Amino acid sequence: MSQQSVTSGPSAAPLGDPEAPETRSMELWVSYTLRIGVSIAAIVILAGVILYVIQGSSGAGHLQSMDDLKPGRDNTIDVSWTSIRDGLKDFQAIAIIQVGLLILLLTPVTRVALTLLLFLRDRDRIFAVITAVVLTILLLGFFGIV
Amino acid sequence: MSIELFVVVMFLSAIGAGMLGSLVGLGGGILIVPILTIGFGVDIHLAIGASIISVIATSSGAAAAFVRDHMTNIRVAMLLELATSFGAVSGAIIAAWLNPKLLFFLFGGILLFSVFPMIKKLGEEIPRGVVNDEWADKLRLDSYYPDRKHGVVHYNVTRVPLGFVMMYVAGVVSGLLGIGSGALKVLAMDTAMRLPIKVSSATSNFMIGVTAAASSGIYFWRGDIVPEIAAPVALGVLAGATLGARLLVRFRSETIRRIFIVVLVIVAVQMFLKGLGVVA
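One line per chain: the protein sequences are F and R, in this order. According to my numbering, the first sequence is numbered sequentially starting from 1. According to my numbering, the second sequence is numbered sequentially starting from 1.
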């Protein structure tokens with residue numbers, strides 16, 4: 001169907017039409033989800049940064065010199081759920097920043113999960129399947145399984 | 001240089017990267033990576049980790065506005081994300097075995113390769129005479145977007161299979177280099193599928209976050225995402241992307257194209273020099 005013909009009244013609006021209520025509703029949901037994810041991540045990271053500055057160079061795991069970022073550095077960092085949990089118990093700035101970064105990284109994942117629910121709600125089978133596959137790959141990649 | 005100064009410089013650079021990235025559908029990684037490696041001599045693996053953060057922050061920060069304003073084509077995005085996420089995972093798996101110099105060379109080549117079709121299309125505000133292909137009809141991919149100058153612009157979508165293959169390649173590249181490879185995504189939508197440049201940019205922006213997220217876990221748990229770099233990058237890019245998203249709707253398509261071309265050429269040359277070993 002050519003776009004030029006989409007002037008035939010609201011009842012004839014196809015699902016892909018932005019005026020269609022389900023498309024508009026999906027756009028608003030996605031937009032809110034992204035905004036909320038990004039805001040929470042920013043607040044947590046900022047809190048971590050403030051704590052980092054307060055703790056200064058004595059804080060656990062804080063970078064001591066720019067040389068630690070250069071190629072051939074010998075300070076590979078151990079990052080795991082356990083290291084983050086223990087860090088949070090000790091109120092370490094690094095762990096708080098890492099939690100904020102994880103929230104940021106999880107925002108697109110959440111967005112795709114939400115899109116899947118919305119396609120299911122709209123009974124849009126093809127796109128529900130497409131989105132389900134994307135979400136699966138995303139989760140496998142994210143948790144380091146693939 | 002002291003770490004404090006480095007963090008402040010990264011924060012300011014990230015604001016610029018977020019603005020530019022949200023305007024032209026790139027993740028800002030193309031600025032963050034050279035600033036870290038060429039500017040500060042940081043290990044390429046850590047620079048890639050930082051650019052993953054930049055890509056996801058640009059994408060999520062700008063897309064909130066683009067999706068609300070109907071600049072993003074969610075259906076096209078979801079379809080193509082299928083191709084890019086498969087590609088991204090394949091790329092991330094082989095990345096650890098590749099030589100950094102080769103990565104730079106590849107990176108530079110990809111960017112340079114994407115400049116020429118862009119120059120050719122400079123005077124085109126809105127694509128004309130595009131007819132939906134069979135896939136676009138079946139999947140209802142055509143849509144419209146609000147343009148300040150032209151009002152509501154209807155657009156069709158063509159050559160969906162070609163776009164799909166280009167997106168898989170874009171996914172492989174982003175998994176390899178940790179960039180969202182927005183340049184290749186914009187190219188695929190612009191050149192193959194003939195979407196309007198602003199829609200391509202906004203839709204690319206929406207997609208790059210997902211592509212990057214697919215490989216982000218690998219980098220995060222490997223320790224390549226260093227808080228001292230990632231925190232200022234995340235905060236700066238979020239601020240910049242929010243600003244940039246407001247500008248996209250106002251700018252003319254040609255302006256977007258020009259910015260895109262300039263950014264690509266500069267960075268491609270930098271990367272080639274690095275790959276050749278001319279710049280340390």
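Just to be clear, a hint being listed does not mean it is correct.
DMTMM-like mimics (lysine to aspartate or glutamate), calculated; alpha carbons at most 25 Å apart, straight line [stated by the list, open to error]:
no., chain 1, residue 1, chain 2, residue 2
1, R, 120, R, 137
2, R, 138, F, 124
3, R, 120, R, 254
4, R, 138, F, 90
5, R, 101, R, 69
6, R, 138, F, 78
7, R, 101, R, 133
8, R, 101, F, 122
9, F, 70, R, 254
10, F, 70, R, 4
11, R, 149, F, 27
12, R, 149, R, 43
13, R, 101, R, 147
14, R, 138, F, 67
15, R, 101, F, 22
Computed, partial: chain R to chain F, Cβ under 7 Å [to be verified]:
no., residue
16, 61
17, 99
18, 108
19, 119
20, 146
21, 147
22, 228
23, 230
24, 231
None of these hints come from the bench; they were simulated from the model. Model, not experiment: these values are computed from the prediction. Where a beta carbon is used, it is the ideal one built from N, C-alpha and C, also for glycine.
Verification of the supplied hints:
1. R:120 with R:137: violated, 28 Å
2. R:138 with F:124: holds, 12 Å
3. R:120 with R:254: holds, 12 Å
4. R:138 with F:90: violated, 56 Å
5. R:101 with R:69: Violated. Residue 101 of chain R to residue 69 of chain R sits at ~41 Å, over the 25 Å cutoff.
6. R:138 with F:78: violated, 48 Å
7. R:101 with R:133: violated, 41 Å
8. R:101 with F:122: violated, 48 Å
9. F:70 with R:254: violated, 40 Å
10. F:70 with R:4: This hinted pair holds, its Cα atoms lying about 17 Å apart.
11. R:149 with F:27: Status holds; Cα separation ~23 Å.
12. R:149 with R:43: violated, 45 Å
13. R:101 with R:147: violated, 42 Å
14. R:138 with F:67: violated, 55 Å
15. R:101 with F:22: Violated - the C-alpha atoms of residue 22 of chain F and residue 101 of chain R are around 48 Å apart, more than 25 Å.
16. 61: Holds - the Cβ of residue 61 of chain R comes within 7 Å of chain F, reaching about 6 Å at its closest.
17. 99: Hint violated; residue 99 of chain R Cβ to chain F Cβ min 12 Å, cut 7 Å.
18. 108: violated, 19 Å
19. 119: violated, 28 Å
20. 146: violated, 9 Å
21. 147: violated, 13 Å
22. 228: With a closest approach of 5 Å, the residue 228 of chain R hint holds.
23. 230: holds, 6 Å
24. 231: holds, 5 Å
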